[in-house]
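Listed below are the residues making up each chain.
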Amino acid sequence: DAGVTQSPTHLIKTRGQQVTLRCSPKSGHDTVSWYQQALGQGPQFIFQYYEEEERQRGNFPDRFSGHQFPNYSSELNVNALLLGDSALYLCASSLGLSTLTGELFFGEGSRLTVL
Amino acid sequence: QQQVKQSPQSLIVQKGGISIINCAYENTAFDYFPWYQQFPGKGPALLIAIRPDVSEKKEGRFTISFNKSAKQFSLHIMDSQPGDSATYFCASDAGNMLTFGGGTRLMVKP
Numbered sequence: 001d002a003g004v005t006q007s008p009t010h011l012i013k014t015r016g017q018q019v020t021l022r023c024s025p026k027s028g029h030d031t032v033s034w035y036q037q038a039l040g041q042g043p044q045f046i047f048q049y050y051e052e053e054e055r056q057r058g059n060f061p062d063r064f065s066g067h068q069f070p071n072y073s074s075e076l077n078v079n080a081l082l083l084g085d086s087a088l089y090l091c092a093s094s095l096g097l098s099t100l101t102g103e104l105f106f107g108e109g110s111r112l113t114v115l
Numbered sequence: 001q002q003q004v005k006q007s008p009q010s011l012i013v014q015k016g017g018i019s020i021i022n023c024a025y026e027n028t029a030f031d032y033f034p035w036y037q038q039f040p041g042k043g044p045a046l047l048i049a050i051r052p053d054v055s056e057k058k059e060g061r062f063t064i065s066f067n068k069s070a071k072q073f074s075l076h077i078m079d080s081q082p083g084d085s086a087t088y089f090c091a092s093d094a095g096n097m098l099t100f101g102g103g104t105r106l107m108v109k110p
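Residue numbers (my numbering), protein chains in the order written: chain A, 1 to 115; chain B, 1 to 110.
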């Protein structure tokens, strides 16, 4: 049973560019959340997708956007990259919107470096 | 986002010792308190979790103690092993939007 898979694992961009990160949830899961983890810090919630709609959003600017597809996979897009966007981007999947229905499973992340 | 404060930032324990990590939260709406373990280059993995209707939960060598009135919870790792060396994060949740602490880097010396 494949867990949460993310791609690419590493990428380097320059300031002002745009990036798209991809996530396939764990089999049987229908909800995808994205987190940003800066070096040496805890993950920070970006947003959550369920039924192809953004359901919750953390304190991140509109440069961060996402999408969920009918097969439950998801993309995270970041426009106009800043140096401060350099981080590990984690995708997490779950069944349903609440922790009452199941735990969150994290992927191994996509390491983004902005030069 | 409401903060979750975690301490200590780093911890060194001898093999066989007890590792204790503490967290404090602010938002009384939080109703789920998980602990995650993260190894270098890996994503966080759920270790153990508790809900506020109980004061303690034990799974093997790992125990969560929860104090609702003080808005604090802690992770105890009994008989710590070198394989436990990792970064540990506490988190709090109100609706599957986890708020993480800053992390504790644990090193268990053989």
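Hints may contain errors.
Pairs of lysine to aspartate or glutamate residues, derived as EDC-like cross-links and limited to a Cα-Cα distance of at most 20 Å, are as follows [stated by the list, open to error]:
1) B:K58 x A:E103
2) B:K42 x A:E51
3) B:K71 x B:D84
4) B:K68 x B:D84
5) B:K57 x A:D62
6) B:K71 x B:E26
7) B:K58 x B:E26
8) B:K68 x B:E56
9) B:K42 x A:E103
10) B:K58 x B:D31
11) A:K13 x A:D62
None of these hints come from the bench; they were simulated from the model.
The hints, checked one at a time:
no.: 1; hint: B:K58 x A:E103; in the structure: holds (17 Å)
no.: 2; hint: B:K42 x A:E51; in the structure: violated (28 Å)
no.: 3; hint: B:K71 x B:D84; in the structure: violated (26 Å)
no.: 4; hint: B:K68 x B:D84; in the structure: violated (27 Å)
no.: 5; hint: B:K57 x A:D62; in the structure: violated (40 Å)
no.: 6; hint: B:K71 x B:E26; in the structure: holds (7 Å)
no.: 7; hint: B:K58 x B:E26; in the structure: violated (24 Å)
no.: 8; hint: B:K68 x B:E56; in the structure: holds (11 Å)
no.: 9; hint: B:K42 x A:E103; in the structure: holds (18 Å)
no.: 10; hint: B:K58 x B:D31; in the structure: holds (18 Å)
no.: 11; hint: A:K13 x A:D62; in the structure: holds (19 Å)
Consistency with the previously given hints fails for numbers 2, 3, 4, 5, 7, ordered from lowest to highest.
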